[in-house]
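Using the sequences and the hints given, assemble the complete structure.
Each chain, letter by letter, is given below.
Number of protein chains: 2
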Amino acid sequence: MPVGTAGAIKGLTPDDARHAGAQIILANTYHLYLRPGHELIRKLGGLHRFMNWSGPILTDSGGFQVYSLSKLRTISEEGVTFQSHIDGSTHFLSPEKAMEVQEALGSDIAMTLDECAPAEADHDYILKSVKLTEQWARRCRVSKRDEGRSLFGIVQGGTYPDLREMSARGLVEMGFDGYAVGGLSVGEDRAIREQVIGVTRDFLPNEKPVYLMGVGTPEDIVESVNLGVDMFDCVLPTRNARNGMLFTKQGRLVIKNSQYADDSSPIEEDCTCYTCSHYSRAYLRHLFLTKELLAYRLNTIHNLHYYAKLMAGIRTAIREDRLADFSRDFYAQKIHDDEKEGVESLQTT
Amino acid sequence: MPVGTAGAIKGLTPDDARHAGAQIILANTYHLYLRPGHELIRKLGGLHRFMNWSGPILTDSGGFQVYSLSKLRTISEEGVTFQSHIDGSTHFLSPEKAMEVQEALGSDIAMTLDECAPAEADHDYILKSVKLTEQWARRCRVSKRDEGRSLFGIVQGGTYPDLREMSARGLVEMGFDGYAVGGLSVGEDRAIREQVIGVTRDFLPNEKPVYLMGVGTPEDIVESVNLGVDMFDCVLPTRNARNGMLFTKQGRLVIKNSQYADDSSPIEEDCTCYTCSHYSRAYLRHLFLTKELLAYRLNTIHNLHYYAKLMAGIRTAIREDRLADFSRDFYAQKIHDDEKEGVESLQTT
Numbered sequence: 027m028p029v030g031t032a033g034a035i036k037g038l039t040p041d042d043a044r045h046a047g048a049q050i051i052l053a054n055t056y057h058l059y060l061r062p063g064h065e066l067i068r069k070l071g072g073l074h075r076f077m078n079w080s081g082p083i084l085t086d087s088g089g090f091q092v093y094s095l096s097k098l099r100t101i102s103e104e105g106v107t108f109q110s111h112i113d114g115s116t117h118f119l120s121p122e123k124a125m126e127v128q129e130a131l132g133s134d135i136a137m138t139l140d141e142c143a144p145a146e147a148d149h150d151y152i153l154k155s156v157k158l159t160e161q162w163a164r165r166c167r168v169s170k171r172d173e174g175r176s177l178f179g180i181v182q183g184g185t186y187p188d189l190r191e192m193s194a195r196g197l198v199e200m201g202f203d204g205y206a207v208g209g210l211s212v213g214e215d216r217a218i219r220e221q222v223i224g225v226t227r228d229f230l231p232n233e234k235p236v237y238l239m240g241v242g243t244p245e246d247i248v249e250s251v252n253l254g255v256d257m258f259d260c261v262l263p264t265r266n267a268r269n270g271m272l273f274t275k276q277g278r279l280v281i282k283n284s285q286y287a288d289d290s291s292p293i294e295e296d297c298t299c300y301t302c303s304h305y306s307r308a309y310l311r312h313l314f315l316t317k318e319l320l321a322y323r324l325n326t327i328h329n330l331h332y333y334a335k336l337m338a339g340i341r342t343a344i345r346e347d348r349l350a351d352f353s354r355d356f357y358a359q360k361i362h363d364d365e366k367e368g369v370e371s372l373q374t375t
Numbered sequence: 027m028p029v030g031t032a033g034a035i036k037g038l039t040p041d042d043a044r045h046a047g048a049q050i051i052l053a054n055t056y057h058l059y060l061r062p063g064h065e066l067i068r069k070l071g072g073l074h075r076f077m078n079w080s081g082p083i084l085t086d087s088g089g090f091q092v093y094s095l096s097k098l099r100t101i102s103e104e105g106v107t108f109q110s111h112i113d114g115s116t117h118f119l120s121p122e123k124a125m126e127v128q129e130a131l132g133s134d135i136a137m138t139l140d141e142c143a144p145a146e147a148d149h150d151y152i153l154k155s156v157k158l159t160e161q162w163a164r165r166c167r168v169s170k171r172d173e174g175r176s177l178f179g180i181v182q183g184g185t186y187p188d189l190r191e192m193s194a195r196g197l198v199e200m201g202f203d204g205y206a207v208g209g210l211s212v213g214e215d216r217a218i219r220e221q222v223i224g225v226t227r228d229f230l231p232n233e234k235p236v237y238l239m240g241v242g243t244p245e246d247i248v249e250s251v252n253l254g255v256d257m258f259d260c261v262l263p264t265r266n267a268r269n270g271m272l273f274t275k276q277g278r279l280v281i282k283n284s285q286y287a288d289d290s291s292p293i294e295e296d297c298t299c300y301t302c303s304h305y306s307r308a309y310l311r312h313l314f315l316t317k318e319l320l321a322y323r324l325n326t327i328h329n330l331h332y333y334a335k336l337m338a339g340i341r342t343a344i345r346e347d348r349l350a351d352f353s354r355d356f357y358a359q360k361i362h363d364d365e366k367e368g369v370e371s372l373q374t375t
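So the protein lines, in turn, are chains A and B. Quick note: the first sequence, position 254, residue 280 per our numbering, numbers continuous. Quick note: the second sequence, position 297, residue 323 per our numbering, numbers continuous.
There's no promise every hint is true.
Identical copies carry no separate label here, and so any pair may be met within one copy or between two of them.
[Stated by the list, open to error] Taking lysine-lysine pairs in the DSS-like style, the calculated list, with each CA pair at most 30 Å apart, reads: (1) K97 - K282; (2) K170 - K234; (3) K282 - K69; (4) K234 - K335; (5) K123 - K317; (6) K317 - K36; (7) K282 - K36; (8) K123 - K282; (9) K69 - K317; (10) K97 - K36; (11) K275 - K69; (12) K170 - K154; (13) K282 - K317; (14) K123 - K97.
Source of the hints: derived by calculation from the structure; they are not laboratory data.
Here it is, written out as structure tokens:
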């Protein structure tokens, strides 16, 4: 199973993303449903045509942003009623609606609607939440119309191994084209996250892709691939780029730091991305400090290229059966400490 | 003499600008002197290399921003003392300094330092100002070191024909590679501007380029070319693009207007720019309303392409001796009224 990236591409054209090595992109159903509206996008030929991206598109169900962005929300067995974070208008998202919107957008991979339980929820709450998520997954499965597109189920269950098992078994019984591990990357310890991934992975079929939602740093990705994860999505490469934090094999680099003021070298010495092929650290620092729009774009191109190269390296290592060597080299290359000054560490969408 | 454009390219790479048809770019000496500093740019190989633009670069003298942006400024015969608009630090700009900075940047066309007299100044003030500007031009001429680069003198004189004549004659006697008409596009009536251009043009040699600074709209350009102007620079195509105002042969279009919500056509039907080749008005409206960075870039590419195409059309018409026909067609193509809602009309840098 190839490992894919699915990233937001703020500031880039799809051509930029493609040139940086992206193969698939993720689009947020919540945002597109509210603005410009899924019916408008359907009318204009679907999201691929609307945004001029010919590769695959994965859409989330909209649920995550309902929980994280909307001002008020009420969950019932039927679905979620929520208020738009833009204008306060009231909307209702059900499993059927989530499918309808994603089908209007015309995504290649749709996600089932799940409940994202609060991080601090107890076993009783999570048990009920897992049951609701399973019901909703079934309703998504039933209401799916277009057989040419894929639908992934989302495993929930918090940090409880028994509930993760229950959730995974329930979804696998229904049968999906792929399985996502949801409810992580919400502030939990790394050890706990890896434990949850491991226990969940055990109950998922090897022949289907496993997608870890909202993860993560390069280190998180390498560790998760070792645990059997195939796909990721994360705002980290793009959002951190806009904050001036650049990924390199040697470690993270904060471009505004004064040491780069007269540095004529590229971000990363042997990087072949558009940014590294044409611009010095000194120039990128200047653009960033003067808040030029070009700064966000050039930084994003580099970070996206870094992630795409990381994933390509992982795929090759898997094919050549040397993932352990790859992981060791990955850590050995980090010759200096990561620069962290002034960079928000934000991993949620 | 070819008619050139010299535009700011916020949000674009030089490649974008080149693809949109730009042949020469303008860089602001004031901004680069303050950040990142001309010595840094010199050390890193000059501005062409720093920003990755291999075509010609025109630099202004820095004077215009000293008058328009800096908080405090004191003019003496020696030069201008001013405070940085960024940190309030005190700086001194003399004709010699203006040349030194422009030579450090490595521009292909440098401008002499002039005094931009207040729009409301009387004949006495402007007379003194023209004399000072002439002295400063002579000192720029004398202190110029690199014979491989061009230096343009700037004609001042407000709206007084006798002072414009005096200023033009003085500069022509010294001999420059080109002549700019300064002190216009500061809110004067169009009739007055055209009168000033006409009277100034009469005293400038036909074999040297005439550059009208800070102008203008497509209509201003067509009229000014008819009066004998060869070169222009203006923030209008790029700044208006960022404000969502797009130029087309048929007239100006404000992309946020609701009539474009489901409009699947490109900005301009037969436009070959990257934006019109890939995106609908509906998509561009969506990007603009959601404040996506990509909106500014795609809009800017279109407007720059529009201006480059306008200038190319003018050059062809001049070569084929049918400028009058071109001008008539230019106005005849405007089939609808310009949309103006919510767009600032800003023509100064």
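Task: Copy assignment of K317 with K36, given that the CA separation must stay at most 30 Å - done: Both ways: K317 and K36 sit 16 Å apart in one copy and 10 Å across, limit 30 Å.
Open item on the list: If the cut is 30 Å between Cα atoms, do K275 and K69 qualify within a copy, between copies, both or neither?
Closed with: Between copies, since 28 Å is at most 30 Å while 44 Å is not.
TODO: Indicate which option fits the pair K97, K36 if close means a Cα-Cα distance not exceeding 30 Å: within, between, both or neither.
DONE: within (24 Å within a copy, 36 Å between copies)
Open item on the list: Within, between, both or neither: how does the pair K123, K282 come out at a Cα-Cα threshold of 30 Å?
Closed with: Result: close only across copies, 29 Å inter versus 45 Å intra.
TODO: State whether the alpha carbon distance between K69 and K317 is at most 30 Å within one copy, between copies, both, or neither.
DONE: between (37 Å within a copy, 23 Å between copies)
TODO: With 30 Å as the alpha-carbon cut-off, assign the pair K170 and K154 to within, between, both or neither.
DONE: For K170 and K154, the Cα distance is within 30 Å only inside one copy (24 Å; across copies 80 Å).
Task: Within, between, both or neither, where K234 and K335 count as close if Cα-Cα is 30 Å or less - done: within (23 Å within a copy, 53 Å between copies)
Open item on the list: My question is about K282 and K69: at a cut-off of 30 Å on alpha-carbon distance, are they close within one copy, between copies, both, or neither?
Closed with: Classified as between; 19 Å across copies, 44 Å inside a copy.
TODO: Have a look at K170 and K234 and pick one of within, between, both or neither, based on CA distance no larger than 30 Å.
DONE: Intra 19 Å, inter 71 Å, cutoff 30 Å: intra-copy only.
Open item on the list: Within a copy, between copies, both or neither: which one fits K97 and K282 at a CA-CA cutoff of 30 Å?
Closed with: Cα proximity of K97 and K282: across copies only (26 Å, versus 35 Å in one copy).
Open item on the list: At most 30 Å between CA atoms: does that hold for K123 and K317 within a copy, between copies, both, or neither?
Closed with: between (40 Å within a copy, 27 Å between copies)
Open item on the list: Regarding K282 and K36, is the shortest C-alpha distance of 30 Å or less found within a copy, between copies, in both, or in neither?
Closed with: both (20 Å within a copy, 20 Å between copies)
In the structure shown, no violation is registered for any of the earlier numbered hints.
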